[in-house]
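With the hints as constraints, model all of the structure from the sequences given.
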Amino acid sequence: MLDAIRVQEVSPTVAWLRSPAAIRERCHQVLDLGLAGRLEYFRVEPSRLPTVVDRVLAVTHEAYPRLDIPVHSRWRHFDAGGVPRLAQLEARLASLPPEERARAKVDLGVVSVLLDAGSGPTWRYQEPGGASYVRSEGLAVASLRMFMAGGFSSDPDRPLRADAEALSRMTREQLERGFQVSEANPLLGVEGRLHLLQGLSRVLPRPGSMFDMLAAHRRSVRATEVLGTVLDVLGPIWPGRTTVDGVNLGDVWPHPALGPPGSADALVPFHKLSQWLAYSLVEPLAEAGVTVTELDALTGLPEYRNGGLFVDLGVLVPQDPRLTMEVYAPGDAPIVEWRALTVALLDRVAALVRGRLELTPEELPLAKVLQGGTWTAGRRVAAELRPGGVPPIRIRSDGTVF
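Residue numbers for the sequence shown follow numbering that gives the first Met the number 0, beginning at 0 and rising by one.
Just so you know, these hints were derived from the structure itself, not from any lab.
Just so it is clear, CB atoms sit at the ideal spot from N, CA and C, and this is done for glycine as well.
Some hints here could point you the wrong way.
To be verified - Restraint ranges, calculated between C-beta atoms of paired labels, are given here: (1) S262 x S167: 36 to 44 Å; (2) R171 x P386: 47 to 55 Å; (3) L356 x D264: 36 to 44 Å; (4) L66 x S262: 38 to 46 Å.
Next comes the structure, spelled out in structure tokens:
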């Protein structure tokens, strides 16, 4: 199964920019500049952090009164609306050996995460015979239903899988049909999502191959190794953006305050979808008997719910009010600055939340603070402030970053 996988050799600079240590270091550099009043787009008000912590704790206690918080991952969205879809999937996988069940779940997790970039404010998925869902939950339910219908498999006798042949043949029409896209129900970034799926077909015989790469002959694997495998294997599928030493880095962008234009010193790595995928591999690996350790080495996710929470509650104040009125591309300097500040501030919020709950990082890792947590609080506050819960800063999504 692994013979077709080839991982590109990279320079030390590229390897470092693919590490969560680099994400954290560069984002905290941006926060330090903000605290010193040296950023162009945002003023940082740390005195407002207790307000954020209050909201995070409120939604956490509401959803998890016994603090039995799971890891923030794609799996939380599949049972949207209280419908036990994962139990339906489990029932259909029950006759398979444990390792093949794990591969099937990794197939689903990878494909669903790659389809999880922002949907836009108007798209929705109407589940046959059920309710309609929007944004991340809608994308999750649509991708799960498409998976369970064999939409990512080339073998009619083995529908519950994704494989390179089916992904390479995927057309825009098939994807739009599975996600109920129409002129009246537009989905942002369809071409970008299709590009990722087709790119996936060129780097893996099936997404579930990553289970074998991570789980072979061991009972535990470090979170940094999970992310490293995701970045090494999936690196070639991302649209061409910033390159260093001939390698396309994906979700890595320059910030003018960090270094000279064109230099590696100016780059801020985020790897949002890749980290979201790494978090989402924890449970399939655990179910197969492989524990992911040192989870706190990964960072918070720089997306618009976490980032919006800090803007809406006054921790991040736009220097120019027009920043909340215009629409930006992911690589625009205000968005890079906002995302970097978000990652660094999530570390601070996690520490404050643990302090209030008197829990250790081992008892409440960042991944559980996100789930408890910051993402839900960001959505809740946005819904209170703006119709439809749209984020305070608008981003032009291409379906491959957020």
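How the hints compare with the structure:
Take S262 and S167: their Cβ atoms lie about 37 Å apart, and the range 36 to 44 Å holds. A hinted range of 47 to 55 Å is violated for the C-beta pair R171 and P386, which are about 30 Å apart. A hinted range of 36 to 44 Å holds for the C-beta pair L356 and D264, which are about 38 Å apart. As the Cβ distance of L66 to S262 is approximately 44 Å, the hint placing it in 38 to 46 Å holds.
Violated hint for the displayed structure: number 2, the only one.
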